[in-house]
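Chemist: Taken in order, these protein sequences are the chains called A and B. Per this note's numbering, residue 1 is the first one in the first sequence, and the count goes up by one each step. Per this note's numbering, residue 1 is the first one in the second sequence, and the count goes up by one each step.
If you are wondering where the hints come from, they were derived from the structure by calculation, not from laboratory data. The structure displayed is predicted, hence computed values, not measured ones. One or more hints might be untrue.
What the hints assert, rightly or not - Stretches of chain B that chain A covers, calculated by requiring three or more beta carbons in the stretch to come under 8 Å of a beta carbon on chain A:
1) 1-7
2) 30-37
3) 86-96
Said to hold, decoys possible - Have a look at the derived ranges for each label pair, beta carbon to beta carbon:
4) A:Q131 <-> B:L54: 31 to 41 Å
5) A:R69 <-> B:S170: 31 to 41 Å
6) B:V30 <-> A:T85: 18 to 28 Å
7) A:S8 <-> B:G5: 25 to 35 Å
8) B:I32 <-> A:S8: 25 to 35 Å
9) B:I32 <-> A:F14: 35 to 45 Å
10) A:K155 <-> B:P157: 46 to 56 Å
11) A:G121 <-> B:F26: 27 to 37 Å
12) A:H203 <-> B:V30: 44 to 54 Å
13) B:P157 <-> A:G121: 40 to 50 Å
14) B:L222 <-> A:G121: 54 to 64 Å
Backbone N, C-alpha and C fix where the C-beta goes; we use that ideal spot for every residue, glycine too.
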Amino acid sequence: MTDVIHASNLTKVFGRSTAVDHISFEVHGGEIFGFLGPNGAGKTTTTRMLTGVIPTDAGTATVLGHDIRSEPVQAKQGFGVVPETSNAYTDLTAWQNLMLMGELYGLERARAGRRSTDLLGMVGLLERKDQKVQAYSKGMKQRLILAMALIHEPKLLFLDEPTGGLDVQSTQMILSLLRELNRAGTTIFLTTHNMDEANRLCHRVGIIRAGKMVAIDAPEKLKTAIDRVHQIEVSFDREVSGNALSALASVTGANPVGDKWRITADNQDAAIRSLVAFSQKNGAAIVTLNTLAPSLDDAFLRLTREEKP
Amino acid sequence: MNPAGFPEQGRRAWAIAKKDILIYYFKGPVLIFGIFMPVFLFLAFFMGSRQLPLSFLISGLVGMTLFFTATAVSPAIFPWEGSAKTLERLASCPVTVEAIVFGDMIASLLFGIGITVVTIIIGLALGLSILHGITLAAAIFLAACCFSAIGMLLAVPPTNVPSNIMMLSSLIKFPLVFISGIFIPLEQMPAWGTVLAVFSPLTYFTDLVRYSFTDAYYFPVLFDLGALAVFTLVFTVGTMYLHKRTMPKRM
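Hey, can you work out the whole structure from these sequences and the hints?
Modeler: Right, here's the structure in full:
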């Protein structure tokens, strides 16, 4: 799998503050990469450096095979951007905004027209294409901006908080469009605060804290990696002894919680196998068995928690 | 297609110019300001200095009109777009800073030329005749390029507050009008005034317009055209270089 983004020691300094501090990561072709972090962690600054909006102070970034500093136009030709703040021209109509984007990406007029019609239909704005954007709601503006970013059929799409403050309908429409685009082969670099969104959408996530990258992995692996001790909730169709459960291989403890047992284990896989074997041996059928992995929120909070001096 | 090549960047600059014309120039107040401002300044001097011939004052009016219109809106476009975040949209598109600046310059140049043609028609209606049409056309084109570059140069300070830039712009533009031989012929200026006039590109344009209408001139025509060309080149290169340095600070 080829990397579409390769960031190496990316750094940005504003005055005395280092907003992004020598971060390195790759985004693979065809994946949805979630870029998470608390406010002020350096997410937007990183995105702006990767999209060539602001220059890097140190390090390099290669986007779609082009160095963003030495070949910015070639790199930008291949990607689309949905920035954090809505930035369509409000004095122009949706159609005029899209045609302007078509020209800025070097599309022939006829192709830009066809793409504009398709995209406006896709984001549900075709009927209002001749209305000035200043009359649009926030959700409509955001859908238009997504359409503007897709006018040239980019291989890579950068999105900075694309669903922030949107209504449920617009959020669902945007997320569903992102899934479709990704299925069609578009790589997506998604900056978000929304853990649920990242958890459901992203193949891998990177977490940045105070300008430094603190973790990069698949959401599921990240969740399990933060806790060395795993928890399993199990219930049987008859009473079983807590001591017997505690004595099973890989199980380090068993506590009753209502009609269930909460098992702590150092090896989740081995503990589940032991529980199944215990059930068969004692004729106690398993009614429910749930692994209690930490949520991505837990992982995020753990990883972005400020270290105490 | 090489997106970074000159022809492609030129096409994209033209797209930016069309956007500017639609958004910023085709506005009633802008058009009215572009025509009324120089007309009223002209009338004030026409009433106050009756000994100056109409042909002299019309030449000054043409000079002022082009200067004020070509620098009227362009200084504020970057601050406006910076505060509306549309500049970030342009910066993330495959267009160079030079193409963005060039696009803004084209829009301001076309607006300047368009309004100046109106004042020339007023001059013709008042009975003046054009003696050197080609010189006038070349002068208007060169000066429009030069003044557009000045307009963009005024937008270099990386502020996103348009009023700051407009204040700076007025502070520079009005003194230039008074040292460029528009209201007082260069021949009647004190020595220090003539020295200052040499550093104003508006001086050479006014001299060329006067030559085109009256056959009289202060500097030789080729010298005027050469000076305007040099000012245009220096201001254009300068504004592109400086915007490239300051644009990231607006984001």
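Chemist: Is it true that the C-beta distance of V30 of chain B to T85 of chain A lies inside 18 to 28 Å, as the hint says?
Modeler: 26 Å, holds
Chemist: Is the coverage entry for the segment 30-37 of chain B by chain A consistent with the three-residue Cβ rule at 8 Å?
Modeler: violated (count 0)
Chemist: Take a look at whether the Cβ-Cβ distance between H203 of chain A and V30 of chain B falls inside 44 to 54 Å.
Modeler: 50 Å, holds
Chemist: Falls inside 31 to 41 Å, the C-beta gap from Q131 of chain A to L54 of chain B?
Modeler: 49 Å, violated
Chemist: So does I32 of chain B sit 25 to 35 Å from S8 of chain A, Cβ to Cβ?
Modeler: 55 Å, violated
Chemist: Within the segment 86-96 of chain B, is the number of residues with a Cβ closer than 8 Å to a Cβ of chain A three or more?
Modeler: Check passed, 10 qualifying residues.
Chemist: If I claimed the Cβ atoms of I32 of chain B and F14 of chain A lie 35 to 45 Å apart, would that claim hold in this structure?
Modeler: 42 Å, holds
Chemist: In this structure, is the beta-carbon distance linking L222 of chain B and G121 of chain A contained in 54 to 64 Å?
Modeler: With a Cβ separation near 59 Å, L222 of chain B and G121 of chain A satisfy 54 to 64 Å, so the hint holds.
Chemist: Range hint 27 to 37 Å: satisfied by the CB atoms of G121 of chain A and F26 of chain B?
Modeler: 29 Å, holds
Chemist: Lying within 25 to 35 Å: is that true of the beta-carbon distance S8 of chain A to G5 of chain B?
Modeler: 29 Å, holds
Chemist: CB of P157 of chain B to CB of G121 of chain A, is that within 40 to 50 Å?
Modeler: 43 Å, holds
Chemist: Are R69 of chain A and S170 of chain B spaced within 31 to 41 Å by their CB atoms?
Modeler: The hinted range 31 to 41 Å holds for R69 of chain A and S170 of chain B, with Cβ atoms some 38 Å apart.
Of the numbered hints given earlier, the model fails hints 2, 4, 8, 10; all others are met.
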